[in-house]
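Chains as they are written, first to last, in this note's numbering: chain A, 170 to 338; chain B, 170 to 338.
Just so you know, not all the hints are guaranteed correct.
As the list makes no split between identical chains, a pair holds if one copy fits it or if it spans any two.
Claimed, not checked - SDA-like mimics (lysine to any residue), calculated; alpha carbons at most 25 Å apart, straight line:
no.	residue 1	residue 2
1	K233	E175
2	K199	P252
3	K232	D219
4	K299	E289
5	K176	I237
6	K199	P271
7	K232	L319
8	K176	W280
9	K232	Q171
10	K176	I294
11	K176	R258
12	K176	K320
13	K176	H267
14	K199	E220
15	K233	T194
16	K320	A190
17	K176	N230
18	K232	F270
19	K299	L319
20	K320	G201
21	K233	N211
22	K320	T273
23	K320	R258
24	K320	Q256
25	K233	E179
26	K299	P251
27	K176	F243
28	K176	E289
29	K176	K199
No lab work stands behind these hints, which were simulated from the structure alone.
There are 2 protein chains.
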Amino acid sequence: MQSLQEKASEWSGVNPNDAFAIDETNLYQKLGLQTFINLSTNFYNRVYDDEEEWFRSIFANSKKEDAIQNQYEFFVQRMGGPPLYSQRRGHPALIARHRPFPVTRQAAERWLHHMQQALESSTDIDSDSKIKMLNFFRHTAFFLVAGDELKNQKQSIACKHAASKPAAV
Amino acid sequence: MQSLQEKASEWSGVNPNDAFAIDETNLYQKLGLQTFINLSTNFYNRVYDDEEEWFRSIFANSKKEDAIQNQYEFFVQRMGGPPLYSQRRGHPALIARHRPFPVTRQAAERWLHHMQQALESSTDIDSDSKIKMLNFFRHTAFFLVAGDELKNQKQSIACKHAASKPAAV
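So here's chain A without its partners, still in its complex pose (with noise of 0.2 Å):
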C-alpha cells in the first residue's frame, strides 16, 4: 500500500526532497512576519472572492480573518519562525484540521491556483523562495488529498460494520 507521503510524490510531481527543501533556509527570518500576513491575506482574497462557487463555499462556514491567521501562523512556525500557530492552537494536525472539507484534487488544484497567483503578485518575495514554498504547497496539498481519500476509505468500512450488524445479531 502507498503511503500518505508516497501518493503526495506521485500525485503532485513534487519529490519529498523538493517538498521540503523549504527547511534548507530559513524563509522566516528571510522573509519576515509582515511578508506572510501579507501572503495570506492576498490568498484568502482570492478565495473569498472566487468566481467557483463550488471552491469558494468550502469555506463560508469560516471568517476570512481567522482563515488568514490560522494559514500564516502555520507557514510562520513551519518555515522557521516561532510556533505561533502551536501556541493558540496546538499541533497542527493537519489532516485532522482538514476533515470537516472535500480536500479532492480538483480543489487542491484551485488552491494552488489562487497560491500561486497571490506569490506572483508579491514583490516581497524572491524567486527562489517563491519555487520552494510552491513546491511545499504542491506537495502538501496533495498530501491532504491523500489523507481525505483516507477519511472515507475507513467510513465506507466502519460504516459496512454498522450496517452488516443487524443481520448477524
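Based on these hints, arrange chain B on the given structure of chain A.
Relative to the frame of chain A, chain B by itself:
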C-alpha cells in the same frame, strides 16, 4: 465547543505555554541525535514488554524498529533538528496517523507512564529538558485523545446516515 487545544490543556493539566516551552531552547542542539535514539529505544523496549496486555497489543502490528525510528525522527524534527520525519514520511499529521489506534485516556496515561520511566532512566538529559519534554508529551498525548474522540463522533454520524438510507429510499 472546546477546541482540540482547550481539551488537551484541560485533560492533561498542562497549559499551552508549558507544553510548547520545548521551543524556548533548541533541545536537539542541546541533547544531540543519539540521546533521542536512546530515549525512543528505551521507551519502546518498555512498551513492547509491558505487563499490561491491553496496552502492549496496541503496538502488535508495528515492528519495534519502525516505531522507534518514527518516534525519534519526529522528536528530532519537532525539537529543533533536521526534518528527518517529513523527508521520509511527510507531515507528522499526528491525529490522522493515530487513527488506527484506540487513543483513550487510559492509553495516554500508560504511554506517559513508560515515557516518564524512560526519561527518568536517561542520564543524558538534564532535568530542565526532562520537565519541558514531559509537559510537551503530556499535552500532546491528551491532544491525541481529543483527536480520537472527534473521530468517533464523526464516524457515528456518518454511519447513522448510512443506516437511515434504506428507509429514506
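Which numbered conditions among the earlier hints are violated in the structure presented, ordered from lowest to highest? 6, 10, 14, 15, 16, 19, 20, 25, 28 and 29
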